[in-house]
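Student: Based on these hints, arrange chain D on the given structure of chain V.
Protein chains: 2
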Amino acid sequence: ADVAAGKAKSATCAGCHGSNGIGIMDTYPNLAGQKAGYLAKQLKAFKDGTRADPIMGSMAKPLSDADIANIAAYYASLK
Amino acid sequence: ADVAAGKAKSATCAGCHGSNGIGIMDTYPNLAGQKAGYLAKQLKAFKDGTRADPIMGSMAKPLSDADIANIAAYYASLK
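Read top to bottom, the protein sequences are chains V and D.
Position one of the first sequence corresponds to residue 1 (my numbering), numbered consecutively onward.
Position one of the second sequence corresponds to residue 1 (my numbering), numbered consecutively onward.
The shape of chain V in the complex, shown without the other chains:
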C-alpha cells in the first residue's frame, strides 16, 4: 500500500479523526496505530453498508479498494 497516497486521501478524515489520527470527540475513534487490516475491513463494511453509520457511509462510498488500502496503511503507520 502507498502510505503517502493514503495520507493525501485522509485529508477529509482528519476533520473528525484528527490530523494525528486521534479522534476529536469521545465517540470518534482514534485511528493512529490501529491495525491496517481492521481499518480496511471497516472501511469496506461502511462502503457496502454491512456496517451502518450515516457519516462513515458517505465517507467510504467514493473510496476505491486502493484508496482503502492506502488510508489504512497510513493510519496504521502513525504512532
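Hints are computed from structural coordinates only; laboratory data are not their basis.
Note that the coordinates shown come from a computational prediction; the quantities given were computed from them, not determined experimentally.
Glycine included, C-beta positions come from ideal geometry on N, C-alpha and C.
Treat the hints with caution; some may be incorrect.
To be verified - Where chain D lies over chain V, by a calculated footprint (3+ residues, C-beta under 8 angstroms):
1. 8-21
2. 33-44
As the list claims (entries may be wrong) - With a Cα cut of at most 25 angstroms, we get these calculated DSS-like pairs of lysine-lysine:
3. 35/V to 79/D
4. 44/V to 41/D
5. 7/V to 61/V
6. 35/D to 9/V
7. 47/D to 9/V
8. 44/D to 44/V
Tutor: Chain D in isolation, oriented as in the chain V frame:
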C-alpha cells in the same frame, strides 16, 4: 466507571485483543488508548445487533451497561 472492574471483566477480551489491548491479528483492533465513548458505543451496538459480528455479538450479549462502561474505561486507560 470502575477501571479495575473493567480489567477483571476484560479477561475474555484479552484472548483476541491481547493482554495489553493490542490485537493478536491484523483484523482484531487494538483497544489500548481508544476513546472510552467509542468503545462503549460499539459494545452496545454489538449487544443490540446494530453492529453485526459473530464473535463480538456473543461477547457483548452478557454485558451489563456497567460492565460496558468499566471495560471501555479500562481499555481507554491503557497506553
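Student: State for each hint whether it applies.
Tutor: Outcome of the hint check:
1. Coverage of the stretch 8-21 of chain V by chain D is violated. Counting CB-CB distances below 8 angstroms, 0 residues qualify, and the rule asks for three or more.
2. Judged by the Cβ-Cβ criterion of 8 angstroms, the stretch 33-44 of chain V is covered by chain D as claimed, because 7 of its residues qualify and three suffice.
3. A hinted pair counts as satisfied when its Cα atoms are at most 25 angstroms apart, and residue 35/V with residue 79/D qualifies at roughly 15 angstroms.
4. Between the alpha carbons of residue 44/V and residue 41/D the distance comes to roughly 20 angstroms, so the proposed pair stays at or under 25 angstroms and holds.
5. With a C-alpha separation of about 18 angstroms, the suggested pair residue 7/V and residue 61/V falls inside the 25 angstroms cut-off, and the hint holds.
6. In summary, the hint linking residue 35/D to residue 9/V is supported, as the alpha carbons are separated by about 23 angstroms, within the 25 angstroms threshold.
7. With a CA separation close to 33 angstroms, the supplied pair residue 47/D and residue 9/V exceeds the 25 angstroms bound.
8. Distance hint between residue 44/D and residue 44/V is fulfilled; the C-alpha atoms sit about 21 angstroms from each other, no more than 25 angstroms.
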